[in-house]
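Let's have the full structure, built from the sequences with the hints guiding it.
Read top to bottom, the protein sequences are chains A and B.
Take the first sequence: its letter number 13 is residue 12 in numbering that gives the first Met the number 0, and every next letter is one higher.
Take the second sequence: its letter number 85 is residue 84 in numbering that gives the first Met the number 0, and every next letter is one higher.
Any given hint might turn out to be false.
[Unchecked claim] Result set (DSBU-like, lysine-lysine): computed pairs, CA atoms no more than 30 angstroms apart in a straight line:
1. B:K257 <-> A:K84
2. B:K73 <-> A:K76
3. B:K73 <-> B:K2
4. B:K73 <-> A:K205
5. A:K178 <-> A:K134
6. A:K49 <-> B:K240
7. A:K134 <-> A:K5
8. B:K240 <-> A:K76
9. B:K2 <-> A:K84
10. A:K76 <-> B:K2
[Unchecked claim] Incomplete in silico selection of chain A near chain B, CB under 8 angstroms:
11. G24
12. Q74
13. G77
14. L78
15. P218
The set of hints was computed from the structure by calculation and includes no laboratory data.
Bear in mind that the values here come from a model prediction, so they are computed numbers and not experimental data.
Heads up, the beta-carbon is just placed ideally off N, CA and C, and yes, glycines get one too.
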Amino acid sequence: MIAQRKMGISIGSLTLPNPVMPASGAFGPEMHEALDFNQIGAIVPKSITKHPQPGNDTPRVCETYAGMINSIGIQSKGLDAYLAKTIPEFSAYDVPLISSISAESIDEFVEMSDVLGNHPDIDALELNISCPNLKGDGHAFGMDADVTYELMQRVRKVTDIPLIAKLTPNVTSIQEIAKAADAGGADALTVANTMLAMAIDTESRKPMVGNVMGGLSGPAVKPIMVRMIYQTAQVTDLPIIGCGGVMNGNDAIEMIIAGASAVQVGTASFITPTALTDVIEEIREYMDRHDIMDINDLTGTVEI
Amino acid sequence: MMKQHLLPILTNVQVSERYWHMTIDTSNMNERIEPGQFFHIRCSDNAFPFLRRPFSIYRINREEDTIEFLYLVKGEGTKDLTKKKPGETADLLGPLGYGFKLDPGFDEILLTARGVGIATLAALAQEAGRKGVRCTAILSARSKNDLLAAETLQDFGAEVHHVTEEEETSGVESVESQMRDIIERKDVNALYTCGSRRLSRLNQRLAAEYGLPGEIALEEQMGCAMGACFACVCDLEEEGKHRSVRVCLEGPVFPLEKVVIS
Ligand SMILES: Cc1cc2nc3c(=O)[nH]c(=O)nc-3n(C[C@H](O)[C@H](O)[C@H](O)COP(=O)(O)OP(=O)(O)OC[C@H]3O[C@@H](n4cnc5c(N)ncnc54)[C@H](O)[C@@H]3O)c2cc1C
Ligand SMILES: Cc1cc2nc3c(=O)[nH]c(=O)nc-3n(C[C@H](O)[C@H](O)[C@H](O)COP(=O)(O)O)c2cc1C
Ligand code: FES
Numbered sequence: 000m001i002a003q004r005k006m007g008i009s010i011g012s013l014t015l016p017n018p019v020m021p022a023s024g025a026f027g028p029e030m031h032e033a034l035d036f037n038q039i040g041a042i043v044p045k046s047i048t049k050h051p052q053p054g055n056d057t058p059r060v061c062e063t064y065a066g067m068i069n070s071i072g073i074q075s076k077g078l079d080a081y082l083a084k085t086i087p088e089f090s091a092y093d094v095p096l097i098s099s100i101s102a103e104s105i106d107e108f109v110e111m112s113d114v115l116g117n118h119p120d121i122d123a124l125e126l127n128i129s130c131p132n133l134k135g136d137g138h139a140f141g142m143d144a145d146v147t148y149e150l151m152q153r154v155r156k157v158t159d160i161p162l163i164a165k166l167t168p169n170v171t172s173i174q175e176i177a178k179a180a181d182a183g184g185a186d187a188l189t190v191a192n193t194m195l196a197m198a199i200d201t202e203s204r205k206p207m208v209g210n211v212m213g214g215l216s217g218p219a220v221k222p223i224m225v226r227m228i229y230q231t232a233q234v235t236d237l238p239i240i241g242c243g244g245v246m247n248g249n250d251a252i253e254m255i256i257a258g259a260s261a262v263q264v265g266t267a268s269f270i271t272p273t274a275l276t277d278v279i280e281e282i283r284e285y286m287d288r289h290d291i292m293d294i295n296d297l298t299g300t301v302e303i
Numbered sequence: 000m001m002k003q004h005l006l007p008i009l010t011n012v013q014v015s016e017r018y019w020h021m022t023i024d025t026s027n028m029n030e031r032i033e034p035g036q037f038f039h040i041r042c043s044d045n046a047f048p049f050l051r052r053p054f055s056i057y058r059i060n061r062e063e064d065t066i067e068f069l070y071l072v073k074g075e076g077t078k079d080l081t082k083k084k085p086g087e088t089a090d091l092l093g094p095l096g097y098g099f100k101l102d103p104g105f106d107e108i109l110l111t112a113r114g115v116g117i118a119t120l121a122a123l124a125q126e127a128g129r130k131g132v133r134c135t136a137i138l139s140a141r142s143k144n145d146l147l148a149a150e151t152l153q154d155f156g157a158e159v160h161h162v163t164e165e166e167e168t169s170g171v172e173s174v175e176s177q178m179r180d181i182i183e184r185k186d187v188n189a190l191y192t193c194g195s196r197r198l199s200r201l202n203q204r205l206a207a208e209y210g211l212p213g214e215i216a217l218e219e220q221m222g223c224a225m226g227a228c229f230a231c232v233c234d235l236e237e238e239g240k241h242r243s244v245r246v247c248l249e250g251p252v253f254p255l256e257k258v259v260i261s
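In structure tokens, the structure reads:
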């Protein structure tokens, strides 16, 4: 008899059928041709901004050793188009919908969370606090513990659905930011966004991406993310969503052992469009092989 | 259709100093492939380079159930692609995007291609030949050595003219006078172009002047080729307004007059 293994996980009041979801910006509605969306743990669309935004100059991506740098910027059609088109398009699927929000100020985060966090089709919010605070010093919100605390606390007041803070790895101490987000009312933490990076074409001496610098993702960043998940798990009991360089089930398992409850998959989908469901299948195989009945039992089991 | 296919490689050979040619067995693939569409190909199984690279379909052989690619060895990805051997499998995502429209009313078309853009327009010349549409092609390259597709196009029945840096014939003025001559002499119905900004601007100008429809196949750096990442954007001008489009999803072929060439 095949054992019934439990893969569901909880983020605050929300239960996901399994711990694997797309990373924001590396997933789109058109991918349904290649991937069965009903099999994944949740849907996470590209970060949305309040107003339409054009995104950055091209080239917007380049490849580096075991990774890629992207400087897409948040190319966005704005909140109205998101409400009219993106949400209905994704609500057709049978899995939770987690909206990722980018904003230029705390006020704007609050305003957008009020709209999206009270929308009947949205199950949780992921706050992309790795984007720059244009009304502050221009640094990412998530680089400052006090700003992170204030942001979470104010958003918490306008919605009851689970709040996920997506942390930036470009900080001295991820623990300080994680604690601030926790204290401010986050229900979970995504660890983490891309690492600020740069590559130069030595022939032309020009930066490889139009925006000069961009975010590094892919297998190159995974050991850093595993370290940050481990460190974050030491200072908070919130569920952690590991993100950065998950290419297969084993990478996901590694993050779970380090302290994650779930994982996000981005770059891997560009190489294998079925990466998300492949990772789910490979986690299941690992559970069979190690006779793990509940995936939650594996979280944070690293033996030091 | 965004579908991953693992298909047998039949041949993969060097055809000139910088160009290689690969044939793939598509008998296990059901999707219909149109000229102008492309595949996003995994060039190596290693951690670097690991992103796929986009390649146009060079020839579609419906009877033999094969497709061919013509590729320029440029960087690490294409270098690794040359290492693939017949009998091994190629990992292709596609066919992707929208191809060329060959209006049934056309009986004379003019193609201008630069460099590896020739590979993209070859499949269109093939389709034109099959449909009995007369086709003239101006191929532009660095050297004669890079004009290897010329013969293929001739096999499809196209009249081929070439211009090269080597012969100092590839300047815009020289191509322009050739294009004008062909358009006027042959009463051309449509223009198609790929591979060069300068030639694209020239095509836009002449299409407007002669009142001809046209299409352009764009090449933008790609990430996912599935419309998800917004890496491959360009602007179209429609009713005086700019609209951002994803080349992988809405292209790579666009109406000539709409594309904003940066
Ligand atoms: C729709 C489409 C169809 C194409 N069809 C063909 C084809 O039929 N035959 C062919 O030889 N090439 C084609 N190309 C271009 C081909 O994809 C690039 O030459 C290839 O990706 C280079 O990979 P690389 O790893 O060898 O070089 P890299 O090391 O990745 O890059 C070398 C240089 O090429 C540039 N480059 C990388 N990717 C692209 C790209 N997608 N478009 C333009 N420049 C790029 C980089 O900026 C860099 O300067 C096509 C591109 C597109 C978008
Ligand atoms: C092309 C691209 C676009 C991205 N856009 C966003 C975004 O809009 N919002 C966000 O929070 N993260 C964005 N990211 C970051 C990813 O969500 C993820 O954190 C990162 O890619 C690391 O995961 P990976 O290694 O699995 O790709 C983007 C990443 C890529 C590659
Ligand atoms: S390459 Fe990702 S959207 Fe076109």
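Quick rundown of the hints versus the structure:
no.	hint	in the structure
1	B:K257 <-> A:K84	25 angstroms, holds
2	B:K73 <-> A:K76	35 angstroms, violated
3	B:K73 <-> B:K2	26 angstroms, holds
4	B:K73 <-> A:K205	17 angstroms, holds
5	A:K178 <-> A:K134	23 angstroms, holds
6	A:K49 <-> B:K240	21 angstroms, holds
7	A:K134 <-> A:K5	45 angstroms, violated
8	B:K240 <-> A:K76	15 angstroms, holds
9	B:K2 <-> A:K84	25 angstroms, holds
10	A:K76 <-> B:K2	27 angstroms, holds
11	G24	7 angstroms, holds
12	Q74	5 angstroms, holds
13	G77	13 angstroms, violated
14	L78	18 angstroms, violated
15	P218	6 angstroms, holds
Checked against the numbered hints listed earlier, the structure breaks hints 2, 7, 13, 14; every other hint is satisfied.
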